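2 protein chains.
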Amino acid sequence: MNNKSIGVFDSGIGGLTVYKALKEKMPNEKVVYLGDTARLPYGSKSKETIIRYSLENAEFLLTKDVKIIVIACNSSSSYAVEALQKKFNIPVLGVIEPGSEAAVKCTNKKVGVIGTSATIASGAYAKIIHEKSKDLEIISKDCPLFVPLVEEGWIDHPATRMIIKEYLEPLKKENIETLVLGCTHYPVLKDVIKEVLGDDITLVDSAQTTAERVYHIFKSLGWLANTDKNRNDEFFVTDFPERFKRVGEIFLKKKIDRVLIADLSLKGE
Amino acid sequence: MNNKSIGVFDSGIGGLTVYKALKEKMPNEKVVYLGDTARLPYGSKSKETIIRYSLENAEFLLTKDVKIIVIACNSSSSYAVEALQKKFNIPVLGVIEPGSEAAVKCTNKKVGVIGTSATIASGAYAKIIHEKSKDLEIISKDCPLFVPLVEEGWIDHPATRMIIKEYLEPLKKENIETLVLGCTHYPVLKDVIKEVLGDDITLVDSAQTTAERVYHIFKSLGWLANTDKNRNDEFFVTDFPERFKRVGEIFLKKKIDRVLIADLSLKGE
Numbered sequence: 028m029n030n031k032s033i034g035v036f037d038s039g040i041g042g043l044t045v046y047k048a049l050k051e052k053m054p055n056e057k058v059v060y061l062g063d064t065a066r067l068p069y070g071s072k073s074k075e076t077i078i079r080y081s082l083e084n085a086e087f088l089l090t091k092d093v094k095i096i097v098i099a100c101n102s103s104s105s106y107a108v109e110a111l112q113k114k115f116n117i118p119v120l121g122v123i124e125p126g127s128e129a130a131v132k133c134t135n136k137k138v139g140v141i142g143t144s145a146t147i148a149s150g151a152y153a154k155i156i157h158e159k160s161k162d163l164e165i166i167s168k169d170c171p172l173f174v175p176l177v178e179e180g181w182i183d184h185p186a187t188r189m190i191i192k193e194y195l196e197p198l199k200k201e202n203i204e205t206l207v208l209g210c211t212h213y214p215v216l217k218d219v220i221k222e223v224l225g226d227d228i229t230l231v232d233s234a235q236t237t238a239e240r241v242y243h244i245f246k247s248l249g250w251l252a253n254t255d256k257n258r259n260d261e262f263f264v265t266d267f268p269e270r271f272k273r274v275g276e277i278f279l280k281k282k283i284d285r286v287l288i289a290d291l292s293l294k295g296e
Numbered sequence: 028m029n030n031k032s033i034g035v036f037d038s039g040i041g042g043l044t045v046y047k048a049l050k051e052k053m054p055n056e057k058v059v060y061l062g063d064t065a066r067l068p069y070g071s072k073s074k075e076t077i078i079r080y081s082l083e084n085a086e087f088l089l090t091k092d093v094k095i096i097v098i099a100c101n102s103s104s105s106y107a108v109e110a111l112q113k114k115f116n117i118p119v120l121g122v123i124e125p126g127s128e129a130a131v132k133c134t135n136k137k138v139g140v141i142g143t144s145a146t147i148a149s150g151a152y153a154k155i156i157h158e159k160s161k162d163l164e165i166i167s168k169d170c171p172l173f174v175p176l177v178e179e180g181w182i183d184h185p186a187t188r189m190i191i192k193e194y195l196e197p198l199k200k201e202n203i204e205t206l207v208l209g210c211t212h213y214p215v216l217k218d219v220i221k222e223v224l225g226d227d228i229t230l231v232d233s234a235q236t237t238a239e240r241v242y243h244i245f246k247s248l249g250w251l252a253n254t255d256k257n258r259n260d261e262f263f264v265t266d267f268p269e270r271f272k273r274v275g276e277i278f279l280k281k282k283i284d285r286v287l288i289a290d291l292s293l294k295g296e
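The listed protein sequences correspond, in order, to chains A and B. Just so we're aligned, residue 28 is where the first sequence starts under the working numbering, counting upward by one. Just so we're aligned, residue 28 is where the second sequence starts under the working numbering, counting upward by one.
No wet-lab data here; the hints were simulated from the structure. Because the structure is a prediction, the values reported are computed rather than measured. Careful: at least some of the hints might be erroneous.
Label pairs and their in silico Cβ distance ranges [what the hints assert, rightly or not]: (1) Glu158(B) <-> Asp226(A): 52 to 62 Å; (2) Gly225(B) <-> Lys192(A): 21 to 31 Å; (3) Leu82(B) <-> Asn116(A): 30 to 40 Å; (4) Pro185(B) <-> Lys168(A): 11 to 21 Å; (5) Lys132(B) <-> Gln112(A): 41 to 51 Å; (6) Leu82(B) <-> Lys91(A): 26 to 36 Å; (7) Leu291(A) <-> Ile244(B): 32 to 42 Å; (8) Asn116(B) <-> Leu89(A): 53 to 63 Å; (9) Ile288(B) <-> Lys159(A): 34 to 44 Å; (10) Lys137(A) <-> Glu109(B): 56 to 66 Å; (11) Lys113(B) <-> Lys168(A): 43 to 53 Å.
Yeah, the Cβ is synthetic: ideal placement off N, Cα and C, and Gly gets one too.
Please put together the full structure from these sequences, using the hints given.
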């Protein structure tokens, strides 16, 4: 098992924040990343559709000899973790559970959760946070314009600031202590969000906590990579590899050698 | 042929502007509408993917006994019209050609075209406008945030106004006489766009011109419906029928009886 890969999928490019955290924690692990860019975004789609897409993504990764599947997409983590755990006999981990755990650790009374419409409608964060700490008060808000703003590259733009203010002012008024960035795109807006909310509110980004969780799973199973051979990570998308490469290099602040097209209809090839 | 239906597809809900124009022009025609909401938006996807999705949508409509296929989606009209015309032996019509014709009629020197990234990158409007009038100067601009703003319902919102200004101010400075709204969502923002641009610029919305074109095709072929029996239009989506019904009723300003799920994998059923 040790030198098999970590399989990561997202609806698109946002999951690269999780990829980055995994590589920082475990530089010797090889990662195979799949971005389902032909069908993004997942955030506006139904539970059934998200589960179907997630199963297809996982099946593709399984053809690439992976030892774990990390769902680096909040919408998919909200709905599909159990379906994938049932179907496949390797560990499957989403970002919601680790993100919730981090939030519970930093909060005494009131926590805010933001995400896509699908993530917020699923109530997944609220459910798991309550399981861990039933007295916490949770204020949730979907912010559907954040992903298009990030993808347009309008990070520090007056319109972005105005939209952030409109979405988050009510949460600030509620005196939340912690805000969970429940979408892998949102960390890109971290600085502007921090400016709008002020220094008293802690921002939780689940990528790092998820990477730590993967490390502990491997450690407990004895599955950590035992090679220091330089292995090239692999990047697949279902559409537009050039765009993924270009925007991905901005996300990662380093070069991506190549991005290949994944044909999801060729299951089990 | 006469009492077969008009097949209309779009990536989602925007094509209802075309549906509405068709029914206003030809109230006796029955329309079967398909919104590919499981895979929307098309505007950020590649040519190959858009063609594949469009072929699947058309194949579904053909199982519903249609006499024409109207592509009520600018991204799909930009890339897929020819592929569909080659594959199927009924008329196939997109919105780009009728929209371009209307633009040429209202412009002496300079025309602006706005749309999704896919539509603008395709150069489809520019190509067809130049075929019709080679001396017109064309200024194109993609406006990727307009669709999410419309879907969020932020029509008359300060942030929307700021974003419209940022996208369109350069076109205004270029002294365009006409602006083609090259995306079926954009007519919803018509009033605010008019406010930002002023009264001197004519807005062209291709839905109406497309409906007129369909009428003339039917007339020339003798295919106009010859029944005045009240026939119920049919609405299909690939995901989230409830959402389509809710937002669709706002688009149409009337009740939609029911919206069914279309399973595109059941081709030719």
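Hints and how they fare:
Restraint check, Glu158(B) to Asp226(A): a C-beta distance of roughly 59 Å satisfies the suggested window 52 to 62 Å. In this structure the supplied range 21 to 31 Å holds for Gly225(B) paired with Lys192(A), their Cβ-Cβ distance being about 29 Å. One distance hint, 30 to 40 Å for the beta-carbon pair Leu82(B) and Asn116(A), holds here, with the actual separation near 37 Å. For Pro185(B) paired with Lys168(A), a C-beta distance near 19 Å keeps the hint of 11 to 21 Å intact.
The hint said 41 to 51 Å for the Cβ distance between Lys132(B) and Gln112(A), and at roughly 60 Å that hint is violated. Judged by the Cβ atoms, the range 26 to 36 Å given for Leu82(B) and Lys91(A) holds: they are separated by roughly 29 Å. A hinted range of 32 to 42 Å holds for the C-beta pair Leu291(A) and Ile244(B), which are about 38 Å apart. For the hinted restraint 53 to 63 Å between Asn116(B) and Leu89(A), the CB-CB distance of approximately 42 Å leaves it violated.
Checking the proposed 34 to 44 Å range against Ile288(B) and Lys159(A) shows it holds: the Cβ atoms sit about 36 Å from each other. At about 57 Å, the beta-carbon gap between Lys137(A) and Glu109(B) stays in the expected band of 56 to 66 Å. Hint check: Lys113(B) to Lys168(A), Cβ distance near 48 Å, so the stated range 43 to 53 Å holds.
Going through the hint list in order, the structure does not satisfy hints 5, 8.
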